[in-house]
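Visitor: Take each chain as given, in its own frame, and dock them per the hints.
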Amino acid sequence: MYAQQVETGVKAVKSLAEMGPEERAFQEKIDAEIKIEAKNWMPDNYRKTLIRQISQHAHSEIVGMLPEGNWVTRAPTLKRKLQLMAKIQDEAGHGLYLYSAMETLGADRDEEIEKLHSGRAKYSSIFNYPTLNWADMGAVGWLVDGAAIVNQVVLQRTSYGPYSRAMIRICKEESFHQRQGYEILLHMMRHGTQAQKDMVQDAINRLWWPSLMMFGPSDAESPNSAQSMAWKIKRHTNDELRQRFIDQTVPQLEILGCTAPDPDLKWNEERGHYDFGEIQWEEFYEVLKGNGPCNRERLETRRNAIQDGAWVREAAVAHANKKQKQQAAA
Amino acid sequence: MTQYDELTEFLLRLGDSALIQAQRLCEWTGRAPAIEEEMGMMNVGLDLVGQARNWYEYAAERINDGTDADVLAFRRDERAFRNLLLVEQPNGDFAVTMTKQFFYDAWQFHLLTILKDAKDERISAIATKSLKEVIYHLRRSSQWVERLGDGTDESHQRMEKAIDTVWRFTVELVEKNAAEVALAESGDIPSLAELPEQWLATVNEVFAKATLTVPDAPSTFYLSARTGMHTEHLGILLAEMQFLQRAYPDASW
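So the protein lines, in turn, are chains A and B. For the first sequence, counting from 1, position 142 maps to 142 in UniProt numbering; every step adds exactly one. For the second sequence, counting from 1, position 192 maps to 192 in UniProt numbering; every step adds exactly one.
Next comes chain B alone, as it looks inside the complex (with noise of 0.2 Å):
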């Protein structure tokens, strides 16, 4: 299995994590609650299928050995994904699919207001575009749970069973990492040091809001997608989404 250097790693993570979320959120097409949801899925989704596209094709420039964004999306296998483990799990219901979306923002959001002041100007330029579309999609998923949480008993319900399915996964948003201190010693990347308690905090306030609780702090999984080790979903989305790719390896779409 190909181990890059630390920084493209960096990169894959967030390109990854970008085009599941997006491949999760296209799975929705036709079957969203309203109209209006339809079309701020889809929305997000093309941020998010874009932005994936940004961090790959740098990725692919540092690799350097004729890659490109469309191979790193549709040639790698499973093991090669440095998705958060969170954004790979089923979509389940509207209330998995908004906690999900909810998590992965809130990270997304203190994440990039992070790298926006990176040296590296490519991963500023990327992360700042990217924040701006991501302002939003925070702000949208925020109000979603909150309506939820603080809805009917159902919706109450439901949420308090989404957030136990996928809570455990946001032990990867949480915890500290080797890799990215010692990027951000080098100086390729700032200090990642205060983004768990940023993460937390907002979903901290969210939660109030929506008279949601959060549950104690995840512990430690046993599944990294740093190594490769994801959860049995991934590749199934993959074999599907990486299906004319694979069939046809030398076709041109």
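Isolated chain A, as found in the complex (with noise of 0.2 Å):
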């Protein structure tokens, strides 16, 4: 998950007769399911395509440890210490996994995390809202990995090998996070004083939203859509993926006594759906452009910690380059 927008460089989906004979085979591959392997021929802008995908979907496993760095200290219980630990822990490694399948293209880590840093790359909007009460550690990992299984479940299946092996081995991980953080907020609704009870309802209202944002912007408004599933990076629009997963949600928040602070949202017979209410798409525009409510710590965050471990990572080096050389000599 955690890919919003990603531009294609395409602006209108070639068909087989117009493409030229190696986009033609590889498209025919794609068509037959046959995975696309790094050292296989593929056109520059799926090229470029997947290392904008992946590379944001590994900033957004590293930006995402953040809201929950602002918890960890504070964890009320060893056994919730532990498990949020590793969970954090296992988005440092679902990471780093996606930058080595992003260095299958070609891209550089390093290059790739400066262009978060100068603001060039996005990672997923939803990181740029505060977690304010404990709750949020249940509601983030019901509600935003949540999200975040609902897409990556798919792309399981997505064109481009790596980043396919490596949905599949995130996937296991994130559905035990999504039922920790259930299990968190079904605790606090089932064994919880009425202030815990309001605090999980807070962390709903205030992440019901932008969860639902996290699958991008509504067909009619995503102009590269198209391309990338003529490509099959993406297997299905963003508008069925929301759908989805408000439809799995709702009984979930029933089970809870909870509610979604969307008077819109019912079931709907006819269409064997939830409907719901309209997302506020420029809030959306507006935390993509920056302009989020911690945007700005989230960036500065990242950036000091590459900044101030500039001096560690060059010591490494260092001490490798000295090794090195006294095995040579030796």
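In short, the hints are calculated from the structure, not lab data. Please note that a few of the clues may not be correct.
The calculated DMTMM-like cross-link candidates involving lysine to aspartate or glutamate, where the alpha carbons are at most 20 Å apart (straight line), are [claimed, not checked]: (1) A:Lys322 with B:Asp150; (2) A:Lys11 with A:Asp219; (3) B:Lys119 with B:Asp68; (4) B:Lys129 with B:Asp47; (5) A:Lys79 with B:Glu57; (6) A:Lys79 with B:Glu205; (7) A:Lys323 with B:Asp68; (8) A:Lys197 with B:Asp250; (9) A:Lys79 with B:Asp47; (10) A:Lys323 with B:Glu154; (11) A:Lys115 with A:Asp308; (12) A:Lys325 with B:Asp47; (13) A:Lys39 with A:Glu103; (14) A:Lys79 with B:Glu133; (15) A:Lys322 with B:Asp153; (16) B:Lys161 with A:Asp308; (17) B:Lys209 with B:Asp250; (18) A:Lys323 with B:Glu57; (19) A:Lys266 with A:Glu278; (20) A:Lys79 with B:Glu240; (21) A:Lys48 with A:Asp110; (22) A:Lys79 with B:Asp70; (23) A:Lys322 with B:Glu194; (24) B:Lys209 with A:Glu314; (25) A:Lys325 with B:Asp153; (26) B:Lys116 with B:Glu194; (27) B:Lys209 with B:Asp153; (28) A:Lys79 with B:Glu27; (29) A:Lys322 with B:Glu154; (30) A:Lys232 with A:Glu18; (31) A:Lys11 with A:Glu23; (32) B:Lys161 with A:Glu314; (33) A:Lys323 with B:Asp150; (34) A:Lys79 with B:Asp93; (35) A:Lys79 with B:Asp250.
Only some residues are given here: those of chain A computed to face chain B with a beta carbon under 7 Å [to be verified]: (36) Met65; (37) Lys81; (38) Gln89; (39) Pro130; (40) Thr193.
Built from N, CA and C at the ideal position, the CB exists for glycine as well.
Guide: Next up, the structure:
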């Protein structure tokens, strides 16, 4: 998950007849559901689109550690502390794994991170919202990881082999995080005090809409979807996935005994889906532009981490070089 | 201030040190010098919280007044905490963090090696399990001390400064203590008489590879975690760590 509005650099999807022989062979492979591997020929825009999408995804894993870092020092029990620490560790691992998948396309991790820090690369808009009470650690797991899974389950079948395999591995851990997040909330609702129940509802009220925005703009506003779908990087549209997420989440919300901050949310018998209210897209675009509640803090923290750690990485390289020379001399 | 029997106090010293060290590692989330280190620090932190929980559970059984591991971790005041002063010190830069980690890991390694032969089966079992983890912790922090000490001029200077900052707190790692001598004499734990020398030998060995100077033996420090006389940093750390349990005493998490 965590990739929104990935630019494909393509204005109109070509038909097979319009393609040269290499591109046609490539597209036919995709149409036949054969995975593209790192060494295979691929159109430049396919490569660039994937680099953009996978790096965005990796950045999101790393930036996504920050809202949790806000509570890991305040986790209320040893068990909850262990769970949250393990989740953060998994996310760092996912980040590394995704950067590696991205590097198979010829991109460089440090360069892509530099793009993030200079504002030229994105990460998921959701992490620009603050985590304001402990229930947020449950709601992030349930809603944010939940939304991520809906996307990622589909991405397991994405056309690029290394990305697809990364997703298969990551999905397993994300499902675990989602169940754990939901359990945090369920415990507070079933065994908690009124103050705790209020925390849960407050967390849902704040994170509900931003979670729905994670799927990206509606199909009408997604100029890049058609090409990404033709390349089978994407396999379903943003609106389809958003609907799937809502349909599976509302019953869980009811089990919690909580409500969504959406008066228009109701089951539509005819469609066999939940109807829901209008998403405030203005807010989404503002957050993407950098004007969300925590954009500045998140990027500043990441920039500082890399800048403050420069001497450490330099020392590690210098030491490794010394060792190598010693070994060569011996 | 509650003072438990000597063995329970000893268990709390182990549990509290592990928990506070882990808490400081948690503060690094999203701020480490490389993603690999985010994973490394969380990995060590996870082990330490797990170890703390094991020591606390045994301590709680001995105290036997309905307390449990979470109450011990989240409801005691700073004067009741028995952690090493070293681990409560602020993280500083990566050099300070790694120097603290290394001193602590070396202490844990030798202490647990001794404790795994304890007659008390609980202590022996927890020490044996913890030691497997700590062998990896010590390897990791020793390697970092070596890299940073023998890396660039800047990293070397930062390490010298870090050592200067925290060295005084290592007095607790090498001092002989009457309570532990008594525990050994009564057979509750094996003798810890060799621990100071073993710890110092590891420091000497790693510092030599790291081209770092081992300072003179630290002088007596007038604070001691054994009597709950901490530095001012612990109170603030606990205020953060214990916030939810203190603010919502009737809650269930």
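Visitor: Sort out which numbered hints this structure fails and list those numbers smallest first.
Guide: Numbers 3, 6, 7, 12, 17, 18, 23, 34, 39, in rising order.
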